[in-house]
Amino acid sequence: MSTTSVTPAPEDTIVRKKLGFGFWLCVTWIGLMAFIAIFAPVLPLKSPTANFLDSARGRPPYAPSWSHWFGTDKDARDVFSRSLYGARISLTVGFTAITAGFLIGGSLGVISGYYKGWIDRISSFGFIVLLSFPSLVLAILLTSLIDRNLLTVSLVLGLLSIAPVGRLARAATLQYADREFVLAARQIGATNRRIIIKEILPNVAIPMSSLALLGMAVAVVAEGGLAFLGFSVQKGITWGGLIQLGSDASKTLQDAPWIAFFPILMLFLTVLSLNFAGDRLRTFFDVKETTL
Amino acid sequence: MNQSEMVRSEHEPLVETIDVKTHFKTARGIARAVDGVSIQIRRGQSLGVVGESGSGKTVLSRSIMGLLPRNGVIREGSVRYQGQEIGNRSDKEMQSIWGREMAMIFQDPMTSLNPVMKVGKQIAESLRKNLGMSATEALAVAEKLLHDVRIPEPARRLNQYPHELSGGMRQRVMIAIAMACGPNMLFADEPTTALDVTVQAQILELLSEQKRERNMSLLLVTHNLGVVAGYTDEIAVMYGGKVVEKAPTKTLFANTKMPYTEALLSSIPRLDQPSHSRLSTIPGRPPDIVHPPKGCRFAPRCAYVRDLCLNEEPELQQADSPDHTYRCFYPVGSPEYLERRVELTRKGELVESEGSN
Amino acid sequence: MRYYVQRVALAILLLLAVSMLTFGALNILGDPLFNILGPVAGDVNNPDSIKMIALAKKEFNLDRALPVRYFIWLSHFVRGDFGVTFSSTGQPPVSGVISERLPRTISLVFLAQMFAIFVSIPWAIIAAARAGKVSDRISTINAFFLVAMPNFAIAVILKFVFSLKLGWTPITYVADDPLSSRLFQLLLPALTIGLPVAAVYQRLLRTDLITTLQQDFILLARTKGLSKTRILFVHALRPSLFSFITVVGLNTGALIGGSIVAETVFRIPGIGSTLVESIFRNDFPVVLAIVMIVASAFVVINLLVDFAYTLIDPRVRR
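Chains as they are written, first to last, in our numbering: chain E, 1 to 292; chain Z, 1001 to 1357; chain Y, 2001 to 2318.
Read the hints as simulated data drawn from the structure, not as lab findings. Where hints are given, some of them may not hold.
Stated by the list, open to error - Think about it this way: if two alpha-carbon atoms lie no more than 16 Å apart in a straight line, the pair counts; the simulated EDC-like pairs of lysine to aspartate or glutamate are:
1) Y:K2228 <-> Z:D1323
2) Z:K1118 <-> Y:D2313
3) Y:K2165 <-> E:D255
Just so it is clear, the structure is predicted and the values come from calculations on it, not from any experiment.
Based on the provided sequences and hints, a complete structural model is requested.
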């Protein structure tokens, strides 16, 4: 006569917020990569440029073994140490680009959201113009015209992040610009500069910074794409460049897939970690996906 | 259905619930939204379910219709439709009942109609699914239904979207949708709350007229006793997930037993009172359904409370007339009630019979 | 009506700004004279070189002021005259190169977009219908992994598995093959750029569907006795498509960028791979034409997306 069905509570009944184990795992991986990127030269790694020719094993590339964990490439260079060194340029460019993008785009967005009027109209139009190019096309166009070094490539990618970051900062500022505490500050005669720094920035910065990791993931992927096509930093080892080297000739890819696949793994794990940690942070700070 | 079943169904209620419990698992614990409710509705009869928000009246109607989410819900007790147990049926099994046998009208016509589907199609799809009509047939019937619910220019409305209609008009469309396949049982969940006062009466009039013409049973959920008074045969007053008083409408108004019902009644504005007389409000808040009070759930807010009320929960009592039940140790008119009433009047807390505070 | 006029005007304004930016970048950051003549351009002491420089400057209007050159170029461009390429082998018109290669890129991007849309919609619907259950969680993790996979990495993996190891698909694109086999050759490239985009669409649509499924009108649809499939596809899908459509438009940019990578890896002579080659060959007019065509296409697609919005949501139709 009586019917009983007991089912687990739905997700939304759990009110407690936690970053969770996965988040810390991802942060650990990112930290490890950053550590390697900074200290690679002093770590006990094989030289990424030396040729480890082994007459007993015939012609390189050599498959992964105890002496070369990730194998070697056609020039008998150690793929493991090259994959680790690859983190240097990829992460530096990613970090510099997103920092530049957040500084420039963030301030443009806050200023146009706060002052509104013609400043807002001009910068908003500028954002739309930048967004009218497919981003990889604009990146290729600009990097092809400049001397490609660590700084310039970072700045080009930073330029690409100005528009999305700027629009987010503008939207966030608009939310706060007419709130009571801002109006109150204005009533007691605070200067605009003071209001922006003391009242607006702290409120805008928290949700924005939770998006920084996601932005860095995008920048790292973009750098990889540029390097893969030959448009990233000219000298030096990058993940995208390593993948290109291992896959350019079908024969290399078929016979020695490790040359391309280990850098792919490193890049994938790093982007996955940045995305996952960024996603957790965003839900933690409750930033809506739709504003992205 | 053979003849003996036919005969039986004449006497048996159309819809019957026996000790229905619907509990939700929440972060704070188990919320006893509906906590052991038994009601009966006969064919062509209308029952008003009245209570404050959180009393469980909406959950009760959804429990009967089987519209609750599957996850995080504990359901107990029996729901019967035409003598058959339907409380344990899956969504898929309920599909043959929904629309055809039972239908529901929701509170807010702004959010309850699909914003991107034409009105005609929203009515027609039910006809096509349940009665197997063709598209053109169904639209013709839909036009007639719109005419039945007094929507002007029904042919033109078929091709309009909900946002092009007024709130009252949308509620009429929703009634047309509910009526479409001639259900035996109609649930109306606060059907007039979201509407202008002037439109409210029209919609209720339309509902009761449709009910009469189609010999439907109606369960009218509302927080306003005044609304149900003219349109229901019987009223169940709910409080904290339980039915605390149930009686035929006239009996309930004439011979109120439960102090809670009395309090609800005195909060209705009445025409026979001076226009500036104060309306009574019930002090306190509806009970916490996760941690309900130990004794009578209304006791903490009751003016006639005694020790017994705080410690023991009253069982359902039978009043003088056979259809009248209530849950109270000291009902309106009992010696204890009168004694306390005299005290209250003396203290000036009770100014006149209907208005207080 | 006014809305349409405003949107078209904005699109034209955007195209002008985009063309100025592209033209300006190539002329100011780049060195068109060097691009045309190569080392000769810097050899200003040789009289022969000076003559060639003067000739080239005249032919390509390099002696005029930048704005004048811009307007000359623009007036030619809008008439479909993209100039001639700087290649040493004669000087075929750029429009010829483009018209030969653009259709391949268009079919590639179109295939990828169709793949992404028609995979993500059922995927999102199934996931939303089972929100919170194990199968939904697995699919969410899969989508997350796909989003984290850069398209050039997917290209390399697909090429390795399907072309090299399994031998199912050919390694290169042959322009002379019949249409059916050319479409087959576009399969892996389309997957390369379509897969991560499909995952992006799925994540977005799943979230929106779950929100829609909690609406009152879905409850009303259930009380009509409609089947679960009908409720999902007919009642829940369309009101959930608003941000989906916007994102489909925006991601066309990602698909165009992805086609550069895919065409390079799978050796398809489309405008993406041509862009890369032309940059390395310093073929300025081809680069300019391709960037302009791609950006214009992107602007127009997003304009169309805005209009498609009005078709899906009757409430903004005015």
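Hint check:
1. Simply put, K2228 of chain Y and D1323 of chain Z have alpha-carbon atoms about 41 Å apart, too far for the 16 Å limit, and the pair is violated.
2. Of the pairs offered as hints, the one joining K1118 of chain Z and D2313 of chain Y holds, with about 12 Å between alpha carbons and a cut-off of 16 Å not exceeded.
3. For the proposed pair K2165 of chain Y and D255 of chain E, the alpha carbon gap of about 10 Å is at most 16 Å, so the pair holds.
Going down the numbered hints, you'll see the structure goes against just number 1.
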